[in-house]
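Novice: Sequence order for the protein chains is A and B.
Numbering follows this note's numbering, in which position 53 of the first sequence is assigned residue number 53; successive positions increment by one, without gaps.
Basically this note's numbering = 1-based index in the second sequence + 1000.
Because the hints were derived from the structure by calculation, they are not lab data.
Hints are not guaranteed to be accurate.
[Stated by the list, open to error] Estimated spans, in silico, between C-beta atoms of each pair: (1) B/E1037 to A/D91: 20 to 26 angstroms; (2) B/R1033 to A/Q120: 56 to 62 angstroms; (3) A/A2 to B/A1029: 33 to 39 angstroms; (4) B/P1217 to A/R62: 24 to 30 angstroms.
[As the list claims (entries may be wrong)] Derived pair list, reagent style DSS-like, types lysine-lysine, alpha-carbon separation capped at 30 angstroms: (5) B/K1181 to B/K1031; (6) A/K117 to B/K1123; (7) B/K1147 to A/K110; (8) B/K1031 to A/K103; (9) B/K1031 to B/K1123; (10) A/K110 to B/K1117; (11) B/K1160 to A/K103; (12) A/K110 to B/K1015.
[Claimed, not checked] Selected chain A positions facing chain B (in silico; Cβ < 8 angstroms): (13) P12; (14) R14; (15) V42; (16) L80; (17) S114; (18) E119; (19) L122; (20) Q124; (21) G130.
This one's a predicted model, so the numbers in the text were calculated from it and none came from an experiment.
All C-beta atoms in this analysis are idealised placements derived from N, C-alpha and C, irrespective of residue type, glycine included.
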Amino acid sequence: MAEAFKFELVSPERLLVSAEVESVVIPGAEGEMTVMAHHAPVMTTIKPGVVTVKNASGGEDRYVVFGGFADIVPTGCTLLAESAVAVKDVDRADLARRIQEAKEDAADAKDDQSRSKAEQFLSQLTTLEGAILPA
Amino acid sequence: MPSLKDLRNRIASVKATQKITKAMQMVAAAKLRRAQEAAEAARPYSERMGSVLANITQAIGGGGDAPALMTGTGKDNVHLLVVCTAERGLCGGFNSQIARHARDHIRRLLADGKQVKIICVGKKGFDILRRDYASMIIDRVDLREVKTLGFVNADAIAKKVIHLFSEGAFDVCTLFYSQFKSVISQIPTAQQIIPAGVASAPAAVVDGGNAVYEYEPEPGEILSDLIPRNISVQVFRALLENAAGEMGAKMSAMDNATRNAGEMINKLSITYNRQRQAQITKELIEIISGAEAL
C-alpha cells in the first residue's frame, strides 16, 4: 500500500474534499498525471476533465472539474477548481450548455489564435462528456 | 386630544407594524446564517489562491512577462469603480454607507482631474449614485433574480471588467463593498483589483518552503490564467461579504424597529388607559352630582 498524503479539492463555493489519499489523477493542461506522496513540487493548470481520487481507506471517488489549477508539494496537493462536482451529481444539462457555449465561442472567434483556443476547449469538453456519459 | 377610538386604532396599527418588523428580523437572521456559511465556505479557495499567487509571482520575480492585468497600463487616468450594494433597502445605513464611501472616492478622483466610470452591482447603489453621477455609470448588474449567489454571478461581473480592460476602457479598477465585521458592524471598503495588488499574502504559507517549483505550462502562462480567475474570486468574495453584511444590517435595523414599535405601544397604551380612566371618572362625577342635586 502506498503512502498517504493530504489532498484538497476546493471550488469557489466550498471545500469539496479534504482527506488523506493514496493517489490522485489530475487532468493537467499538458496531459493527465498521477500524483502520489513525495511528488516534486509542481504547479499546473488543469483542463476540464475527471479527477480520480484513490482514498487511503480504499475506494475511489471521481469528480468532474472545469478548469482551474493544482498546487502540488511533497506533503500534499491542493486542487483549485473553477467548478467541481462529484461525477454522480453531474448535471447533464449544464454540461450540454457549456458545450453549446464553447461551440458559439469557437464560431465567433475573430483570429486564429482565439479560435484554436476555443476549439481546444470544446474538444476537451466533448471528451469529458464521452468519459462520464456511460458512468 | 385624540379620542379613545383613534388611540385604539393607532395601537392596533403599530402592533401590526411590529409584527412585520419582527418577522423581517427573523427572516434576516436565518438568511444571515446562510450567508455567513457561504462566506466561510468560500474562504479556503481565496486563501489558497492568495498563497499560490504569492508563490508564483515570487517565481517570476517581476519579470517582463507578467500580464497587463497585474502591472496595469502604466497610466492612471481613467478609473473604473465597481460599486456593490444590496438589492433591497430596509437595512439601515448599509447601502448609503457604501455609496458615501464611493462618492468620496469619486470626488477625490475628479478633483485630481481623473476620469471616472462606474459599474453598479445591486439596485440600491445605482439609485443613490444615479442622482449625482448618472453620466458616469456605464453599466449596472442586477442580481435581484438571483436566489443563491454563485460563483458564476461573480465570474460574469469579472469577465465584464476584464473585457473592458482589454479594450483599454480604464486604467485602474477599484471594487467597493462592505466588509462583514460582525452583525452590528460592516465596514465599507475599497479594494483595488486592477492592477492587482501583488504579494500581500505572506509567502511562507505554503508548506514547501522555498522548494523549487516546476511549472506546467510556463509560469507566465499560468499567471495569465490565474489573474483573471483571481479577480473573479475577489468579486465573489465581495459579493458574499456584502450579502452577509446586508443581512446583518437588516437584522439590527429590524431589531431596532421592533423595539421602537414596542416603546410606542407602551406609550400609547398609557395614554389610552389614562384617557379611559378620565372618562370613567368624569361619568362618575356626573352621576354623583346628579344624585346629590336631587
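Novice: Evaluate each hint against the coordinates.
Specialist: Hint by hint, here is what the structure shows:
1. B/E1037 to A/D91: 20 to 26 angstroms: Given range 20 to 26 angstroms: holds, Cβ gap about 22 angstroms.
2. B/R1033 to A/Q120: 56 to 62 angstroms: violated (43 angstroms)
3. A/A2 to B/A1029: 33 to 39 angstroms: The hint (33 to 39 angstroms, Cβ to Cβ) is violated, given that A/A2 and B/A1029 are roughly 48 angstroms apart.
4. B/P1217 to A/R62: 24 to 30 angstroms: holds (25 angstroms)
5. B/K1181 to B/K1031: It holds: about 16 angstroms lies between the C-alpha atoms, which stays within 30 angstroms.
6. A/K117 to B/K1123: Measuring from Cα to Cα gives roughly 36 angstroms; hence the hint is violated.
7. B/K1147 to A/K110: At roughly 35 angstroms apart (the allowed maximum being 30 angstroms), A/K110 and B/K1147 break the hint.
8. B/K1031 to A/K103: violated (38 angstroms)
9. B/K1031 to B/K1123: Satisfied, since the Cα-Cα distance of roughly 19 angstroms is no more than 30 angstroms.
10. A/K110 to B/K1117: holds (28 angstroms)
11. B/K1160 to A/K103: Holds, because 20 angstroms separates the two Cα atoms, which is no more than 30 angstroms.
12. A/K110 to B/K1015: violated (64 angstroms)
13. P12: holds (4 angstroms)
14. R14: holds (4 angstroms)
15. V42: holds (5 angstroms)
16. L80: holds (6 angstroms)
17. S114: violated (12 angstroms)
18. E119: It is violated, given that the least Cβ distance between A/E119 and chain B is near 18 angstroms, above 8 angstroms.
19. L122: Violated. Min distance 18 angstroms.
20. Q124: Status violated, d = 14 angstroms.
21. G130: For A/G130, the interface hint is violated, since the closest Cβ of chain B sits about 24 angstroms away, which is over 8 angstroms.
Figure legend: structure checked against the earlier numbered hints; hints not met, in rising order: 2, 3, 6, 7, 8, 12, 17, 18, 19, 20 and 21.
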